[in-house]
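For the sequence shown, my numbering gives the first residue as 140, with consecutive numbering after it.
Read the hints as simulated data drawn from the structure, not as lab findings.
For every residue, glycine included, the Cβ atom is placed at its ideal position computed from N, Cα and C.
Any given hint might turn out to be false.
Label-pair restraints from in silico Cβ distances [stated by the list, open to error]:
(1) Leu290 - Arg206: 38 to 44 Å
(2) Leu239 - Gly157: 38 to 44 Å
(3) Arg282 - Ser152: 35 to 41 Å
(4) Pro263 - Glu203: 22 to 28 Å
(5) Lys171 - Ala280: 35 to 41 Å
(6) Lys171 - Arg282: 36 to 42 Å
(7) Arg219 - Trp153: 23 to 29 Å
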Amino acid sequence: MKRLWILRHTKSSWDHPGLADHDRPLAPRGKKAGRRIARWAERNHVRPDLVICSTAVRALATLELVRPGLGNPAERVDRRLYHAAVDDVLELVAGEDDALAGILLIGHNPTLHELAMVLAPPGPDEFPTGAFVALQLEIDAWRELRPACGLIDAFVVPRSLSG
């Protein structure tokens, strides 16, 4: 059994129209949401062995905010999570070391929503900014990752969390 957590970056700012999409920072609401997700992760014992995060500024800022709730995982920033297709993400995760029991992905929509729907159909109805899904995967090795191999243990969005 493997664990996969999927986190869409929290709300980004559109206050700087000249910035490239990749470089957009978090909005104040996104910072508050990241802290809420961190508290939820801490209370719910979210303990990935590895966090793989997109290179986008808003994704990295989300990681910075949720990091205190994750224990002490290894981290890797991977450009493949920015504008990735679902098949690309499946390939990325399938190539990970089987010694890792759990992986957290931090990235973007529509890919992450589609990934959750592929792995645990029908998946969540929506996947707003800051959405966090916990999947239990019925696999023993990451290379076995395939559609419909997962069950959703938890799905939370920042607006549903207090504080």
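Subject >> Supplied distance hint 23 to 29 Å, evaluated on CB atoms of Arg219 and Trp153 >> reply: 25 Å, holds
Original post:
Cβ-Cβ distance between Pro263 and Glu203: within 22 to 28 Å?
Top reply: Given about 25 Å between the Cβ atoms, the range holds.
**OP:** Given the hint of 36 to 42 Å, check if Lys171 and Arg282 actually sit that far apart at their C-beta atoms.
**Re:** This hint holds: roughly 38 Å between Cβ atoms.
Original post:
Using the C-beta atoms of Arg282 and Ser152, is the stated range 35 to 41 Å upheld?
Top reply: For Ser152 against Arg282, whose Cβ atoms are near 39 Å apart, the range 35 to 41 Å holds.
Original post:
Does the Cβ distance between Leu290 and Arg206 fall inside 38 to 44 Å?
Top reply: 26 Å, violated
**OP:** Look at the Cβ atoms of Leu239 and Gly157 and judge whether their distance stays inside 38 to 44 Å.
**Re:** Taking Cβ atoms as reference, Leu239 and Gly157 lie about 40 Å apart, which means the hint holds.
Subject >> Lys171 versus Ala280 beta-carbon gap, inside 35 to 41 Å or not >> reply: Hint holds: Cβ distance 38 Å, inside 35 to 41 Å.
Checked against the numbered hints given earlier, this structure breaks only hint 1.
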